[in-house]
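> One-letter residues, chain by chain:
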Amino acid sequence: MFTPVSKKGVLGHFCEPDEALAAAAKVRDAGFTHFDFLTPFPIHGMEEAMGQKRSWIPWATGALALCGILFAQGLQNWVMIFDWPMNFGGKPFWSWPSFIPITFEAMVFWAALGSALVAIAAGKRDTVPQPPPMEIETGATVDRFVLWISATDPKWSESGTPEFVKGLGANGVRLVDLEGGSDV
Amino acid sequence: MTRPEASPYATVMDDSQLTGRPIVLAGAGPYGGDLEVPEPLVTGAKKWSDVDQDICMHAERFPTKRWWAAFAVALTLLGVLVVSLVTLLYAGMGIVGVNHPVGWGTFIVNFVFWIGIGHAGTLISAVLYLFRQQWRTGINRAAEAMTLFAVACAGIFPIIHLGRAWFAYWLVPYPNARGPLWINFNSPLAWDIFAISTYGLVSAVFWYVGLLPDLATVRDRATHPWRKRIYNALSLGWNGSHRMWRHYESAYMILAALATPLVFSVHTIVSFDFATSVMPGWHTTIFPPYFVIGAIFSGFAMVITLMTFMRGYFGMKSYITLNHMESMAKILMLTGMLVGFAYSTEFFMAWYSGSEWEGFVFKNRAFGPYGWAYFIMFTCNAIVPQVFWWKKLRRHTWVLFVVSILVNVGMWFERYVIVVTSLHRDFLPSSWGMYHLTKWDWSILIGSFGLFFTLFLLFVRFLPVVAISEVKGVMDPKVAKSASTDADLAAPRAAQEA
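As you go down the protein sequences, you meet chains A and B in turn.
Numbering follows my numbering, with no gaps: position 87 of the first sequence is 87.
Numbering follows my numbering, with no gaps: position 433 of the second sequence is 433.
Take these hints with a grain of salt, some might be off.
[Stated by the list, open to error] Straight-line Cα separation of at most 25 angstroms, DSS-like style, residue types lysine-lysine; simulated pairs:
| id | chain 1 | residue 1 | chain 2 | residue 2 |
| --- | --- | --- | --- | --- |
| 1 | A | 26 | B | 478 |
| 2 | B | 228 | A | 166 |
| 3 | B | 228 | A | 124 |
| 4 | A | 26 | B | 481 |
If you are wondering where the hints come from, they were derived from the structure by calculation, not from laboratory data.
Every value quoted in this text rests on a predicted model; they were computed, and no experiment measured them.
Assemble the whole structure, with the sequences as input and the hints as a guide.
Below you can see the structure in the form of structure tokens.
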């Protein structure tokens with residue numbers, strides 16, 4: 001959806017999460033920015049190793065939760081006080097304690113569904129240029145921790161970057177060029 | 001039993017070698033003391049690639065005869081449900097036992113029963129996640145699926161309970177051409193609509209978000225181009241990028257943190273349906289915690305029932321080990337005792353309140369015409385789970401299975417007792433009556449199991465039944481990693497090109 005496509009770059013994989021973590025820190029320190037790790041499961045500490053900040057999703061959740069609260073309070077107060085006031089044994093129209101359950105449910109509803117959508121969109125937006133997942137076999141959903149450095153990176157060099165990745169101890173390092181079809 | 005060589009990576013064990021006790025590494029702890037490490041969560045020296053194979057296999061091959069047999073039974077029961085519902089809508093409420101004075105009958109009983117079953121799935125996926133209980137990874141996917149299907153079953157009952165089910169959309173507050181006629185937001189029944197629909201949708205989203213990486217795994221294993229395309233669309237193009245994992249993990253944590261109070265709120269609101277009515281036996285403040293605990297109790301029983309089948313028929317013994325079953329048995333025993341405590345507290349309060357009506361209702365509940373139902377409830381829920389004080393019985397598949405069935409029988413009767421006994425003795429003895437289930441009450445209850453098992457069997461047919469990416473995360477990399485070489489990487493590509 002948002003993922004920018006890059007058809008050229010270098011791939012190399014690691015077999016253990018710890019190796020991947022160490023390699024990520026080295027790639028980060030070498031000044032690369034258009035790089036990514038494709039992993040079968042999240043690795044603890046990878047955010048820092050890749051030079052990323054903490055995810056900002058909780059802020060979105062907070063804002064969405066507030067929207068949910070305002071929506072539910074607005075609807076219930078407007079209906080029960082102004083649009084359709086009903087007299088139950090002379091009790092006040094503004095019977096706020098009975099508005100709490102729906103307010104809570106609406107808060108959870110907005111926050112949960114919204115956060116899931118925002119997180120997926122944010123993940124897509126943050127993705128560095130990379131080939132569409134099905135055009136390249138990496139084993140990243142099985143048991144490999146795959147490093148990808150895109151040729152769009154400012155520090156990219158045609159010969160230097162594959163050598164650099166090999167120097168990190170990666171296995172199966174290869175240059176991917178889906179346009180040209182060459183596969184080193 | 002001799003243990004395998006103990007090392008810091010004593011992670012290779014068979015299911016039969018598990019004892020449920022920590023592995024003691026003599027002298028490996030700080031200051032030369034013993035170090036106790038938990039037994040591995042995944043047994044059988046599995047590699048990460050084995051996990052994919054073992055779990056995706058069931059979604060990739062033509063279903064077995066056993067699956068077809070089970071599916072045929074489930075579909076038949078679903079047919080019973082459809083026929084019953086059509087008959088009910090055509091002939092009217094007169095065909096079921098609901099009548100004066102018991103105006104809330106099996107529909108409400110079944111509704112509370114099913115919604116309660118669902119609660120364990122959320123508890124496993126959300127609460128145990130927040131508590132960092134890593135054993136949840138083996139069972140959370142199936143338990144969450146169970147939640148969704150149980151909520152789907154539960155959702156039928158309030159709608160048919162309306163009597164005129166075709167006006168069910170009147171419960172939704174939207175600007176309409178009927179006045180506009182709004183719902184009464186002071187009513188617990190209106191809260192129910194919001195609670196159940198929020199619960200169903202949030203559970204579905206939580207489940208789906210958890211599925212994304214696994215759908216990508218299924219996609220990457222697929223050989224047929226259409227299968228690849230469908231699973232790719234379902235996985236939203238997931239590729240395992242850590243730039244996605246970063247937000248994903250954050251969102252997953254938040255969903256767990258939101259689902260936790262949500263699950264407590266849902267059964268609390270269900271209990272408000274009873275507790276806010278001025279009716280002896282219902283009008284008590286103990287109801288919300290009592291209902292929530294009962295829900296978790298019955299849900300865990302259902303999880304144990306389902307997991308027994310998954311261990312036996314789907315060869316999941318390496319992922320859902322006896323240790324998992326034992327942990328669930330412990331939760332079952334704890335919640336069973338809490339439920340028993342709630343039953344006792346109700347009696348104490350009935351006496352201590354000095355209310356004549358409360359006192360009568362509870363005496364009548366235990367020793368009146370429905371004493372037999374109370375007896376089933378108390379025995380199954382408070383006494384039977386006590387067998388789990390013995391470790392041997394906690395780790396015995398048949399004991400677990402039988403107890404889990406008995407608990408769900410008991411929990412159905414708990415709701416039956418609560419609904420029927422408070423209503424069948426009105427304030428005026430001239431309005432006393434009994435509640436008689438007709439064949440249609442039974443067929444709708446039995447048919448709802450058909451819906452539940454049909455959905456569950458379709459789930460095990462098409463989706464990964466264990467959370468693959470989460471299970472991989474709790475395995476020991478030293479054991480699970482691939483012995484990968486450059487040649488390995490080229491092999492699948494070469495095979496594909498050939």
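> Could you grab the alpha-carbon distance between residue 26 (chain A) and residue 478 (chain B) and see if it respects the 25 angstroms cut-off?
Roughly 22 angstroms separates the two Cα atoms, so the pair holds.
> Tell me if the straight-line CA distance from residue 228 (chain B) to residue 166 (chain A) falls inside 25 angstroms.
violated, 32 angstroms
> Please verify whether residue 228 (chain B) and residue 124 (chain A) have alpha carbons no more than 25 angstroms apart.
holds, 20 angstroms
> Does residue 481 (chain B) sit within 25 angstroms of residue 26 (chain A), going by the straight-line distance between their CA atoms?
holds, 22 angstroms
Hint check: a violation occurs at hint 2 only; the rest are consistent with the structure.
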